[in-house]
Each structure stands twice: as structure tokens, then as C-alpha cells.
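Chemist: For reference, the chains in residue letters:
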Amino acid sequence: MAEPNKDTAKLDKLLATFKGEKAELIPILQRVQQEFGYLSEDAMRRIAHFLKAPEGVVYGVATFYAQFKFVPVGRNIIKVCRGTACYVKGSPRIIEELETALGIKDGGTTPDMEYTLETIACFGSCALAPVVVLNDQVYGRMTPDKAKKLIGKK
Amino acid sequence: MNFQETRQRAAAAWQAMQKSKKPRILLGTGTCGVAAGAENILKILRQELEKNNVEADITQVGCIGLCYAEPLAEIIKPGRPSVFYGNLTPEKTADIVRDYVAGDNPRPDLAIGTRGEGTIEGIPRLFDLPVLKPQQRIVLRNCGNIDPTDIDQYIANGGYDGLLKALKMKQQEIIDEIKKSGLRGRGGAGFATGMKWQFCHDAPGSPKYIICNADEGDPGAFMNRALLEGDPHCVLEGMLIGAYAIGASEGYIYVRAEYPLAIRRLNTALEQMGKYGLLGKNILGSGFNFVIHIKEGAGAFVCGEETAMMASIEGNRGLPRPRPPFPANSGLWGKPTNINNVETWAHASAIMQKGSGWWAGYGTEKSRGTKTFSLVGKVNRTGLIEIPLGIKLREVIEGIGGGILGGKKFKAVQTGGPSGGCLPAGFLDSPIDYESLAAAGSIVGSGGMVVMDENNCMVDVARYFLTFTQLESCGKCIPCRWGTKQMLDILNDITQGKGKKGDIELLLELGASVKDASLCALGGTAPNPVLTTIRYFKDEYEAHINEKRCPAGICKALLTYYIDKDRCAGCGICARACPYGAIKGGKRLVHVIDQEKCAKCGTCLEVCPEKFKAVKKVSGEPFSAPKEPIPVSGGKP
Numbered sequence: 001m002a003e004p005n006k007d008t009a010k011l012d013k014l015l016a017t018f019k020g021e022k023a024e025l026i027p028i029l030q031r032v033q034q035e036f037g038y039l040s041e042d043a044m045r046r047i048a049h050f051l052k053a054p055e056g057v058v059y060g061v062a063t064f065y066a067q068f069k070f071v072p073v074g075r076n077i078i079k080v081c082r083g084t085a086c087y088v089k090g091s092p093r094i095i096e097e098l099e100t101a102l103g104i105k106d107g108g109t110t111p112d113m114e115y116t117l118e119t120i121a122c123f124g125s126c127a128l129a130p131v132v133v134l135n136d137q138v139y140g141r142m143t144p145d146k147a148k149k150l151i152g153k154k
Numbered sequence: 001m002n003f004q005e006t007r008q009r010a011a012a013a014w015q016a017m018q019k020s021k022k023p024r025i026l027l028g029t030g031t032c033g034v035a036a037g038a039e040n041i042l043k044i045l046r047q048e049l050e051k052n053n054v055e056a057d058i059t060q061v062g063c064i065g066l067c068y069a070e071p072l073a074e075i076i077k078p079g080r081p082s083v084f085y086g087n088l089t090p091e092k093t094a095d096i097v098r099d100y101v102a103g104d105n106p107r108p109d110l111a112i113g114t115r116g117e118g119t120i121e122g123i124p125r126l127f128d129l130p131v132l133k134p135q136q137r138i139v140l141r142n143c144g145n146i147d148p149t150d151i152d153q154y155i156a157n158g159g160y161d162g163l164l165k166a167l168k169m170k171q172q173e174i175i176d177e178i179k180k181s182g183l184r185g186r187g188g189a190g191f192a193t194g195m196k197w198q199f200c201h202d203a204p205g206s207p208k209y210i211i212c213n214a215d216e217g218d219p220g221a222f223m224n225r226a227l228l229e230g231d232p233h234c235v236l237e238g239m240l241i242g243a244y245a246i247g248a249s250e251g252y253i254y255v256r257a258e259y260p261l262a263i264r265r266l267n268t269a270l271e272q273m274g275k276y277g278l279l280g281k282n283i284l285g286s287g288f289n290f291v292i293h294i295k296e297g298a299g300a301f302v303c304g305e306e307t308a309m310m311a312s313i314e315g316n317r318g319l320p321r322p323r324p325p326f327p328a329n330s331g332l333w334g335k336p337t338n339i340n341n342v343e344t345w346a347h348a349s350a351i352m353q354k355g356s357g358w359w360a361g362y363g364t365e366k367s368r369g370t371k372t373f374s375l376v377g378k379v380n381r382t383g384l385i386e387i388p389l390g391i392k393l394r395e396v397i398e399g400i401g402g403g404i405l406g407g408k409k410f411k412a413v414q415t416g417g418p419s420g421g422c423l424p425a426g427f428l429d430s431p432i433d434y435e436s437l438a439a440a441g442s443i444v445g446s447g448g449m450v451v452m453d454e455n456n457c458m459v460d461v462a463r464y465f466l467t468f469t470q471l472e473s474c475g476k477c478i479p480c481r482w483g484t485k486q487m488l489d490i491l492n493d494i495t496q497g498k499g500k501k502g503d504i505e506l507l508l509e510l511g512a513s514v515k516d517a518s519l520c521a522l523g524g525t526a527p528n529p530v531l532t533t534i535r536y537f538k539d540e541y542e543a544h545i546n547e548k549r550c551p552a553g554i555c556k557a558l559l560t561y562y563i564d565k566d567r568c569a570g571c572g573i574c575a576r577a578c579p580y581g582a583i584k585g586g587k588r589l590v591h592v593i594d595q596e597k598c599a600k601c602g603t604c605l606e607v608c609p610e611k612f613k614a615v616k617k618v619s620g621e622p623f624s625a626p627k628e629p630i631p632v633s634g635g636k637p
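Sequences listed follow chains A and B, in order. Counted from 1, the first sequence has number 120 at position 120 by this note's numbering; the numbering is strictly sequential. Counted from 1, the second sequence has number 334 at position 334 by this note's numbering; the numbering is strictly sequential.
Each hint should be verified, as a subset may be incorrect.
Said to hold, decoys possible - Only pairs whose alpha carbons sit at most 25 Å apart, straight line, appear in this in silico PhoX-like list of lysine-lysine:
| # | chain 1 | residue 1 | chain 2 | residue 2 |
| --- | --- | --- | --- | --- |
| 1 | B | Lys-22 | A | Lys-148 |
| 2 | B | Lys-597 | A | Lys-105 |
| 3 | B | Lys-335 | B | Lys-354 |
| 4 | B | Lys-515 | B | Lys-556 |
| 5 | B | Lys-335 | A | Lys-22 |
| 6 | B | Lys-43 | A | Lys-149 |
| 7 | B | Lys-281 | B | Lys-409 |
| 8 | A | Lys-148 | B | Lys-600 |
| 9 | A | Lys-146 | B | Lys-43 |
| 10 | B | Lys-600 | A | Lys-105 |
| 11 | A | Lys-79 | B | Lys-600 |
| 12 | B | Lys-597 | A | Lys-148 |
| 13 | B | Lys-485 | B | Lys-498 |
| 14 | B | Lys-613 | B | Lys-627 |
| 15 | A | Lys-105 | A | Lys-146 |
| 16 | B | Lys-281 | A | Lys-19 |
| 17 | B | Lys-597 | B | Lys-408 |
| 18 | B | Lys-616 | B | Lys-597 |
| 19 | B | Lys-617 | A | Lys-146 |
| 20 | B | Lys-597 | B | Lys-617 |
| 21 | A | Lys-146 | B | Lys-498 |
| 22 | B | Lys-22 | B | Lys-77 |
Hints are computed from structural coordinates only; laboratory data are not their basis.
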């Protein structure tokens, strides 16, 4: 478990790099998520306090955008593209296969916190469809088998 | 150092590099190249150079657009044209380094084409190949040629000449030049860029802002990503020119967080511009002040809509608002704001560099210039292409794309992403321009072009797009929020075999209402994929609804897999592979699929050895298969 006091200090240090303007809300949320992997209730409260904005506004903005997560994620994040090119070239089969192999659904995390499975609207690597991204490394021309090997070898 | 000296120094360095005795290797390391394994090839290249004891300069460049051939390298040796090698593997790379970089054999058997003066026996000229011949590279002129992290290479190739020219002109003269070119917005709507600049220029108020829309959210499109990765300065130069013409002092680039490499390249480029006095106060001594900020999107398709994008930059939920007031009068923080797409800004710099007359020489009367498209889906040669507007769809799909994968039959081409439509074979001879595509029920859009073959179900494709728009609908206005939901429910029913008589008519009626009554373009165009597929592929809808049959064999609920008792050899491969344990059998027994357990994933069909081809997929057709495993009778190839 994370140590709350240590996290709070880290968060405050991070917030101190911003000016405290309303326009910084999304960049702040992005930085906080980058640091902690997700946005905890406590973090959002502190962000609201820092920006002198209602907590509801921070929560409202955070939940509007697909990028933000509100529960901890796994050590490895595997993302499957569901863009048009990937879709017509068989990404649904890859998603299915990974869901079965990991025993979780899209958006879920394995109980051992090893993998989080996500689907993304489009990575923009359409010419190499279907595409899978494991921890920011992009893999093109995937098949269900190759995708399974990707999680097997880690 | 003043800018003239910088230019001379950059040009001299470029010349010296061209004349260098040392071989040069240009390796494509854009996102596509990396996805295809370019980073590994880079490592191998370095190893092989060392092993062969030969020196060469390796430059990492952006995408030249031949994505199907990634990883891709260009090898330049003095005194002869450069040679392109594609689909590089570690073995191929080792061969090429040994035989051509170290040796003198250009290996025509491995090469794709040559570029530059002269010829090499046995290797065609790259730009004579069918994939490049119909193309005209204006915004992609530098992609794949220059190192995108080196501003000097951009400057040596005419970069920032357009800005220099603009800074000597009056604001109105620049706007007139853009108007004369006939440039229309490349983000989708096709509004006249010069007019847009004029509105913002004329609007009272200060400061004024400009925004570069790099929130390329259309699934199936990556033109803007490739351009930002391969030549960020051509976009930034366009922004500087536009800002000067309009009188803006601050600019924003709203770029998707899913494009980390593009963001890195932009940051590098901005840093270099600052050093050269191309940003900040008194740019190049002209008295013009301008700064650029990068805003990372957070994953909301609706933010591609200009009013939603501005809300997002201000730190709010990305909700669109009614227009008027238009952003030109009341935009970011209520100030006059001009938003253009990445490619539009890049065209603006090209127009100022080489003149509106030259630029307008491409394209058609009403759709001037060139347009980039990402040609993807079921074609042989996928890639990033740039064509003069007005050429036929057939020239793109059959010529540049090299026809349909695996010799299958063409069914449709989808343009404009979730806002566009699916056009059937009958439109292959229609020109690609704003008017023709609109008349056909689609749009040019930002440039996604997804080709589909006979194995794609058009009802399923419509359902796919509606799933996307329904998910991305921001929820502000009811027609979009509920209309797309209702349409999606009906499409889900149809693809699950629960379609009813009257569904098609209901979809048409709902689609018309959603289009008319939605607040922004997301809802206003969301029904397009449904309406065009009904218009051109009604028989597929009817088959799903009336016969509970999916002609393309895609909609799972309407499929049945069975094993042909006359072909099964009882090898057991399918039973072992089935993820659901739905196949019963045994040695030399005809295997049987338990229809109750079968999830219709198709694994058995994929693994059944080619010589048996015993697994069959049917939709709505009668078939007979034993209920329990029986001894095999067939199984012979």
C-alpha cells in the first residue's frame, strides 16, 4: 500500500510547479495521473483546494475525459486499438482473446495487479493495423496469437 | 547571429551533407516505423556497420508514407541515386549493409526504388512506381527527407522563407494571397481559410489567439500525426504566418495525448525556434510578438469541434456551444480566435513559400491543392498519401493502394471517419473533392480512407461507427445524446438477429432528426455512416432483418460454425485450440461443435489445417452435422 503522507507530500510538491490557474486543471490532472497511475479522491480534493475550485468541478472535468482513471491500474497496461482500420482487420478478436487469456474485461485489472486491459479509440498507426500497445511500446500487424505471446513473455 | 547567416549556414551544411563521401542511411522512425520494428533495425544497422568496419551517418526521419513497407530505409551513396529498401528484417538489413553500404552491390532483388539523379540497373525509380506516381507531395514535401529534430535541415529546404516573405507584406496582402490560393480547411468542413482569417483579422478585441487543431480523433486517420512527427516546422511556420496576418499574439496546439512522439517533436521544434528568434518578442526584428503553447488533449473526440476545444483549453469539460458568436469574434476567453487544422497550417506555409498561383495549379476549380489521406484497411499498400484533389477514387484504391488484399472483391470505401459515409463500387470513378463526396453522402473529412472488402459487413460497420459516436457524444444536447443511443440500439438488434420490419425506416427518420437538431458537427454528422450504408447497401440490412442472415459472415449472433463430417480427419487441433471447450471428438473421430457452448470466435476455422478445411461457417443457410462424434470417413485432402 502507498504511504498516504509520502503521497501527499509528493502531490503537494507536484502542485507547487503550477501557478494555480483554472486553465491548468487538465494539465494538473494529467501530471498527477502520470505520477500516481490514477486520480484518487484525495488527490482530486487537494487539486480543487489548490485551484480554489469546487470539488465538483474538478471531478466533473476529470470524469468527462476518457484519459482519466479513478482506480489503481496494473503494473503493465496493454491497450488494444479499436479504430476503424484495426476493427475491419480483426481487432475485436484480439480483444476477445486477451480478455479470455487475462480473465478480465476491457478496462479491468488482473487481481494480482499485473495487467490492465484497455481499448483505445485510435492510435493513428492504422497502416499497420491491428495495433496493440504494451506499456507505450507499439506493436503493429498483430494477431490474436501474437497478442497473447506479448503478455505471456512478460 | 541574424537569420540570413543562419540560412546560409544551414544551406552550406545541407550541401556538405549531400556531397559527403560517407554513406548516409535514412531510417523511418515515425510511430508506424517503430510499430513495425524500426528500433530493432536501428540497433542491427549499428551492429552491422561495426561488424563490416564501415562508417555511415544514420538519420532518423519521419514517414515517407509507404507504411506497408515499414520498416523502411534509404541509403545514399555519393555519385548515384539513393536506394530504398523496405520490409526490413534483421537478415535483410545485414545483407544490405554488407553488400551495399560496405560493398558496391545495391542488391536490386531487395530494393524498392531509387530517388535522385541517375539510375541503377534493375531498380525502378521510386516516384515512377504506381504507389507514388499519382501523388503530389506539398505538405509532405519534407517528410522522410529531413531530420525533424533539426531546424537547420528544414531551413535549408526553403523553410521559413514563407515567413520571411510574409513579414515584409501587409497583413491584408497575406490574407489576400491565401484567399487567392483557394485553400479550404483540411480538417473536415472545407471552409475557405482566407475568409476565416479575414473574419478574425477584422474582429475587434485583443489579444487574439490562434489554435492548431491536432486532436486527430477520427479512428482510421493519422495524417496529422505523421506530419507533426515528420516535419513539425512546416506546421509551425504556417501558424506564425497566420498569427502575423491575423494579429494574434498567442497560439495553442491542441494535440492528442495518444501522440507522444508528435508532442516530443513539437517541443523540440519550439525550443529551436526560440533559439533562432522565431518565437517570442520582436520575431526576426519585425516587431511581431508571438508565443506557442502545447495543450495535450485528454481523450474526448468532441474536442475536435472548435468550441469544445476552446472550452477544453480553458480547463473545462469539452462541451460545444451554439454558434454564433463564432470563435472569430468570441473564442478563447471571449477573445477573437482562429482555429485551423494541422494540414491547413502546413498548406499556408507552402503557399507563402512558393506562391498561391503555383499551389492553385493543383486540384480542381472548387477544390484546389492537394490533400493528405491515410489509406488503410483492406488494400495491399496502406500508407500516408497526398494527392491533388479531383483524382478518382479508383486511382487511389487500385493505383496507389494496389487493389484489395488477397485478391478479394472491393465492397466500400469509408471517408471522413465517423462523420463520413461508405461509398460502394459505383463511386470508384467519382473524383475526390469536397463537392463530389458531399453529393454522394460522405465528406472529404480530415482524410481517413478505410477500404473494405466483401468480408466486411456494412451493417456491422454502421454499428461500429455509431458505437463510437454514441460513446463520444458529450451529452449536452438531447438529439445527439438520445438519438445516437436509439439508433445504436436498433443497429445492435439488427446485428443480433432481433431486427424488425420498419427498423430501416425508423433509422432513416431518426438519422434525419439527429442531423437536423444536434448542436454541433459530432451529432450533425453521426448518422452519416448509417444513412449511407442504408442508401447503398440496403440489401444487407434486409438480409439481417428478414432472413436473419449476415451475408459477409461477421455478425456473430447470425453465424453457425460446424464441422463437415466428410472432411474432418479427426486430428484434434480444433478441439485443443477452442478457448471455450466447445468441441468434442477423439482420435479418428469426426469432431462436433457444441452449439450451446460455442462463442463463435472462429478459432477452429483458423486452425483447421488447410488440407482438410473441415470447419465451415454459415449464416442463415441449412447444414447438417452429426450430434455426437462418429468415426471419420473423409479427411483426405
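Chemist: Hint by hint, say whether it matches the structure.
Modeler: Do the hints match the structure? See the list:
no. : hint                  : result
1   : B/Lys-22 x A/Lys-148  : violated (44 Å)
2   : B/Lys-597 x A/Lys-105 : holds (19 Å)
3   : B/Lys-335 x B/Lys-354 : violated (32 Å)
4   : B/Lys-515 x B/Lys-556 : violated (30 Å)
5   : B/Lys-335 x A/Lys-22  : holds (17 Å)
6   : B/Lys-43 x A/Lys-149  : holds (23 Å)
7   : B/Lys-281 x B/Lys-409 : violated (58 Å)
8   : A/Lys-148 x B/Lys-600 : holds (19 Å)
9   : A/Lys-146 x B/Lys-43  : holds (22 Å)
10  : B/Lys-600 x A/Lys-105 : holds (18 Å)
11  : A/Lys-79 x B/Lys-600  : holds (23 Å)
12  : B/Lys-597 x A/Lys-148 : holds (22 Å)
13  : B/Lys-485 x B/Lys-498 : holds (17 Å)
14  : B/Lys-613 x B/Lys-627 : holds (20 Å)
15  : A/Lys-105 x A/Lys-146 : holds (19 Å)
16  : B/Lys-281 x A/Lys-19  : holds (22 Å)
17  : B/Lys-597 x B/Lys-408 : violated (32 Å)
18  : B/Lys-616 x B/Lys-597 : holds (17 Å)
19  : B/Lys-617 x A/Lys-146 : holds (24 Å)
20  : B/Lys-597 x B/Lys-617 : holds (16 Å)
21  : A/Lys-146 x B/Lys-498 : violated (35 Å)
22  : B/Lys-22 x B/Lys-77   : holds (7 Å)
In terms of the numbered hints stated before, the structure departs from hints 1, 3, 4, 7, 17, 21, listed from lowest to highest.
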